[in-house]
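We have chain W already, so just place chains C, Y, B, A and H on it with the hints.
Taken in sequence, the protein lines are chains W, C, Y, B, A and H. Take the first sequence: its position 101, counted from the start at 1, is 142 in the numbering used here, and no numbers get skipped. Take the second sequence: its position 109, counted from the start at 1, is 150 in the numbering used here, and no numbers get skipped. Take the third sequence: its position 291, counted from the start at 1, is 332 in the numbering used here, and no numbers get skipped. Take the fourth sequence: its position 186, counted from the start at 1, is 227 in the numbering used here, and no numbers get skipped. Take the fifth sequence: its position 212, counted from the start at 1, is 253 in the numbering used here, and no numbers get skipped. Take the sixth sequence: its position 226, counted from the start at 1, is 267 in the numbering used here, and no numbers get skipped.
It is worth saying that the hints were derived from the structure and are not from the lab. Mixed in with the good hints there might be a few duds.
For identical chains, the list gives no copy identity; a pair is met inside one copy or between any two copies.
To be verified - When the alpha-carbon atoms are kept at most 30 Å apart in a straight line, the in silico BS3-like pairs for lysine-lysine are as follows: (1) K272 x K178; (2) K182 x K257; (3) K242 x K81; (4) K257 x K81.
There are 6 protein chains.
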Amino acid sequence: MNDKKLKLGIPKGSLQDYTLKMFKAAGFDIEVPERRYFLKIDDPEMECFLLRPQEIPKYVEKGKLDLGISGDDWILESKAKVIEVCDLKYAKQEIKKVKWVLAVPEDSSIKSVQDLEGKTIATEAVNLTKDYLRKNKVKAKVEFSWGTTEVKPPRFTDAICDITETGVSLRAHNLRILDTLLISSTKLITNKKAWQDKWKKEKIKDIALLLQGAVKGEEVVNLMMHVPGLKLNRALKALPKLKSPTIKKIAGENWYDVIINCKEKEVRELIPKLKRMGCQGIIEYPISKIVT
Amino acid sequence: MNDKKLKLGIPKGSLQDYTLKMFKAAGFDIEVPERRYFLKIDDPEMECFLLRPQEIPKYVEKGKLDLGISGDDWILESKAKVIEVCDLKYAKQEIKKVKWVLAVPEDSSIKSVQDLEGKTIATEAVNLTKDYLRKNKVKAKVEFSWGTTEVKPPRFTDAICDITETGVSLRAHNLRILDTLLISSTKLITNKKAWQDKWKKEKIKDIALLLQGAVKGEEVVNLMMHVPGLKLNRALKALPKLKSPTIKKIAGENWYDVIINCKEKEVRELIPKLKRMGCQGIIEYPISKIVT
Amino acid sequence: MNDKKLKLGIPKGSLQDYTLKMFKAAGFDIEVPERRYFLKIDDPEMECFLLRPQEIPKYVEKGKLDLGISGDDWILESKAKVIEVCDLKYAKQEIKKVKWVLAVPEDSSIKSVQDLEGKTIATEAVNLTKDYLRKNKVKAKVEFSWGTTEVKPPRFTDAICDITETGVSLRAHNLRILDTLLISSTKLITNKKAWQDKWKKEKIKDIALLLQGAVKGEEVVNLMMHVPGLKLNRALKALPKLKSPTIKKIAGENWYDVIINCKEKEVRELIPKLKRMGCQGIIEYPISKIVT
Amino acid sequence: MNDKKLKLGIPKGSLQDYTLKMFKAAGFDIEVPERRYFLKIDDPEMECFLLRPQEIPKYVEKGKLDLGISGDDWILESKAKVIEVCDLKYAKQEIKKVKWVLAVPEDSSIKSVQDLEGKTIATEAVNLTKDYLRKNKVKAKVEFSWGTTEVKPPRFTDAICDITETGVSLRAHNLRILDTLLISSTKLITNKKAWQDKWKKEKIKDIALLLQGAVKGEEVVNLMMHVPGLKLNRALKALPKLKSPTIKKIAGENWYDVIINCKEKEVRELIPKLKRMGCQGIIEYPISKIVT
Amino acid sequence: MNDKKLKLGIPKGSLQDYTLKMFKAAGFDIEVPERRYFLKIDDPEMECFLLRPQEIPKYVEKGKLDLGISGDDWILESKAKVIEVCDLKYAKQEIKKVKWVLAVPEDSSIKSVQDLEGKTIATEAVNLTKDYLRKNKVKAKVEFSWGTTEVKPPRFTDAICDITETGVSLRAHNLRILDTLLISSTKLITNKKAWQDKWKKEKIKDIALLLQGAVKGEEVVNLMMHVPGLKLNRALKALPKLKSPTIKKIAGENWYDVIINCKEKEVRELIPKLKRMGCQGIIEYPISKIVT
Amino acid sequence: MNDKKLKLGIPKGSLQDYTLKMFKAAGFDIEVPERRYFLKIDDPEMECFLLRPQEIPKYVEKGKLDLGISGDDWILESKAKVIEVCDLKYAKQEIKKVKWVLAVPEDSSIKSVQDLEGKTIATEAVNLTKDYLRKNKVKAKVEFSWGTTEVKPPRFTDAICDITETGVSLRAHNLRILDTLLISSTKLITNKKAWQDKWKKEKIKDIALLLQGAVKGEEVVNLMMHVPGLKLNRALKALPKLKSPTIKKIAGENWYDVIINCKEKEVRELIPKLKRMGCQGIIEYPISKIVT
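Excised from the complex, chain W in its bound form (with noise of 0.2 Å):
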């Protein structure tokens, strides 16, 4: 058994720092080494390659790799027939989206996507747009893109199909947005086979309580604050519904003490409003992990 090793495959490109930054939170130091592809990582059960994105989950769903993490975009592209363990999904990350578009020239006649019919549109992801053509009932080419896809329409193609973050890139080569067909989210990955080892399953299953512990722990922070007596229903009636607070009176004062857990986000809204309530020394910790 102890010579088993977990194939772990990182993926190379926009998810590639975020990925590394998530298992180091959850514990596993994974080095890059330079020129290398074949990753570093502290824990002598696994071996981790750096793969593009695209690939990852075919070589998953494969058996080449027990376990991986890709986007919801390429597993839907390619067809891979793989267990999703869990999202991985950035709270913070909200203002900055992976989102696939259908885009036209600012002056296209295109105005819907039943303008598409019988047009031809040039896209990375082949399948995920003739998925969503099937789906609108449309019919149009879709070809291949290798790149520099803003650049295409309308002299090479009537549209393309791309992914954006800020729309600048879409903006600068006029291009209008139709639509869009998917907001892409990271996931952890593997296969039935893994799935069936009871020691890969059981490894599989710590690493993502760790990842989303440690996905978690970014989001979630430690609230502890003195609630005056008089004040202490109101206090608990504002915060969050979430999980019961600890409460604790300071012994020969009316007050309390009162710890809670909360997402950052709440947080915001949270501390103006304790405080005009009377609360006193409101302290806002970081968590690294949290398991619920």
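Chains C, Y, B, A and H alone, transformed into the frame defined by chain W:
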């Protein structure tokens, strides 16, 4: 009320990174898009503009902005009538202070402010310099400088009033500091009209509360220790006098758990002292925000 | 006479690299020391200062500098009375021109200069803008802008007058160009006093001669070709009319060697034409300087 | 005819800089705007697109582009029917050649192409690899690789067919080169339709003439020397046999001026030889373009 | 006593960033001014110099410095008689260790240390290498190498003794590791005289305490969990044996709150185990310093 | 003879780029692979190593290298017995000279070399410094310094002997230059044995000839002008006295074509002078190599 927006001015330049970092610590994510000065903020009730700190005070005064961040220097220089909501003094920056100094060539005959009588001073902060001269009852000509101010004495001007952090640039141009006019600190400012609008005032106060909580969270830490019963009084005397610590007897032992919040700078002297008294298990925890 | 020094102002910023490059091409090495604005020049008769292009015209006017490099824009803006020694128009920069444009929000009701009546315009070049308005008989308020000018319409101002090269930044801020005020070019300037000093005038004229020789050397090439005797007349007609070429009969053959200097841009059309006529051995040589 | 435009495809990636440099040397300035793939060219008769070299051959074949630059590799891979106008082989790049190689793990039992029978090969150039196998009468599975190809053997594939310049990356992944499939060079390509259009054909031929003139100008230099009369014959014999040199007797002396164009690489051996013969005043001039 | 200063040497180069980071974590801000090796420290009782780690041990021995940071390697190499105050082993750096290795060309006949008899070894650490040879009873010539040591075998030397982290550079020069001489770790060192000065010794011990507290704070975390009463004993057995945890019954429920400090590396296995036992609300908090 | 190889040492560090550039100009392409010190050279008769300039003289002396590039400073310092083939003084570098200087603290009582008697001097060039002291009949202790030499006076040493280009770093450490020991220039060196080998000597002489031709080609230009017959004598007198110019009467006109090679630095004064005499069509051509 819902479509009301609070207009916020973020200072471009040397204050920009710290300002964005403190807003993030306060719970607001602000994104600077490539090549754009309209910033994205994850609060639908706010709009965010990147502007030069020189202009923010005037725009706040005129009501073009409801809220802004700028330095003391530019508030004074612009003579804008604004309300100072709070100071955002960054405690850790003590080694790197922004100072406005009067400087002259090393071999200049000007040895004191009085020697500037009748001379010419080049500066980016004309009003600041004039006010200073008036206070010192010296009459001198103050000229606006667009930059490279250090190269000007003695050929283009007799003296300069310029910003300095480390003094390296002054020394490289053979300049001697004559006097310090101002050590600038960062302020959150608003105007009367916004302050009279109930919704805006409350929102501004909440933002100030969170920003100050975050600023303070950077300099305060949470210190926990086990104190032997015999040393409890001596230990308590050693602690900073700010706020009474939490003291709890450990059941069945003549030891006490003492918890206190104190400045990170004090910890440097406090920990060795406590250790010498026989305290054990001294742990310092980071704090994200503190609102007292 | 020997310790007389010609004081030269080099513009910091966008013109800096090109200016230093052209001085080098003219035969003068100027070194920019780290963190210093006193530049080193390998001519003991000169002293060299790095200054903002906004200030150079005024310093030349006042005689603090004998010679300076600045753009048309800042010469006009500063209203400095200077003598323009020569133009340093860089022929190869034709795709990348520095333009001052009036711009308004894309959806603004302002469609022509006349619509600016009573409006506010923010700009770094206040005088330039005022002069333009006067010429167009429009009355509008012109406000000095410290920077990030593109973010200002429509919240902080109605229109802006700003510098643009590619228009990308204007488009990123949803601005529309209303009119072009000025296409700026680079000038070598001096003042009356220096011009009346015999030694200085001669030195300035020599520098101008060398700089212009170097500028021209960048756009002119030397073209040499073998022309068959029967095509000599046709070939000569095809050549640019500037200057008579050098023609030499090749001994013992009905072929001629023709040498001509022409603009590099003309070569693009000339070479294919000559080749089709039957010319052979067409060679283009680079030129470092040309003084006609 | 005037609004006819020649559509040109510039390859994004490793060929991009050299391509733009050679167009500049040929007399065409092409600017790559920030974040845009529509390029600016200073010829109103042309339009310019930045596209992946993988796609340019197909777009040229279909007539979406009239003219394109791509490598042999992608022309073959795409099986596009295009007309090769000329080769743009860069003589100076001889140490840095782009090679497509078959590679296997260092300790693999695969020692020759024949051993690949029944194996799997990962590659970005599927057709190139299949053609090579067919020629070698080997049946193997060829899989498309999206990247990080070097990490794949032996876990994900048996062998790879990948691009290499220095071999460093292959060595870092413990791979051994089995065979070289192709040493790629850069081509200027067009299609039948453009070639049949008189105006386009002429324009394309002119561009090719100028590009080749510029490419050749990089490797050819002009050598001028004084040869003593007694050594004239020996010196002439030493010169490369390409083209007859220009020989001129120096009036009143038994010395000759000899001028010749030769490859820069030959100069390395030629100059010492000539010097030893007693030649003097040997001068090498750079050439910008040469069209013979 | 007040104007006494503790002289501290900070190692320039690979240890510099980590050293400055740990001093910051310990509560001391040290600033490295541009182009200066006198560092600024926010403690008026200290003076700080940036020096090569090779020289720090000798300067500490001679009393030019009271305190210094250097590696084992240079302390041994310099044969300086210093007092090792404490080790600053950075627990997280386990994948990236600094090793001194003996290496020979891959195809060298040297297979063991004994084969070095009579050979030449190039190294930056001459004494280290000589000591190693002496210990192994091998006589070989050791030559000082100024750098690019890897290029030397076999032409310039038979073997080398060099520092390596990842082995990439050794492999790139076709070198094989023969033996490892030393795995270096970072030390805080002082000298006898400073150690006999009461004020200095106390200050040094305080600094060591804080540095070690910070180092340990990087590897230890605080883990808090709710344990069901029935599993309390099993959970306590699972916890690391270091220090007794804090256990508190939750009022009115058969659940316990258990708090423990443990190594971050242990958490990776601990959390999944605790979770499987039925523990809930497992939270990991970061620690800044820990002094036990 | 064919498999004989000339071993060449290229200096790593400050001389590296210029050395590679001059070899390229001489006709030899040398490539520095990533992370490797074996360099590639496009001459099969040579082998190329990247080594510290401190070590090259010794390796040349011992015959490990046949040919090397190093500075005067390290040749003297290493006391290596080498044959200086030629100087590679780079004429354009006149403003940026590498000087070895003796420096002391600004406020030191050491005012002349004699005051160094009995003092300590830290330096990377121990022999150079000792030789200098001997010549000046001063006895002082010279200590090897590994770097950051400027920080050492007065705490760690009394004076230093260090390399300086601009003096900025000396000034930043408050040091005053006492004397200049050496202005270093770059040399091509070989050893007796290689010099006695006929093939090697010839090859080395050829390389030296080409390198010097390229070095000279950088400082010499070709100047061509039309001179009016009446001014011919005056013009000829103005020309540098080096080499007789080529003079040719223009057929049918009282004008002469005069061609001369002269130093680029002279051109600065020559062109204006010639222009004033009435010369026309003055053209300066660049030269790649010149061998006289």
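Hints and how they fare:
1. K272 x K178: Neither, since 59 Å and 57 Å both go past 30 Å.
2. K182 x K257: This pair counts as neither: shortest intra-copy Cα distance 42 Å, inter-copy 44 Å.
3. K242 x K81: within (22 Å within a copy, 42 Å between copies)
4. K257 x K81: both (26 Å within a copy, 24 Å between copies)
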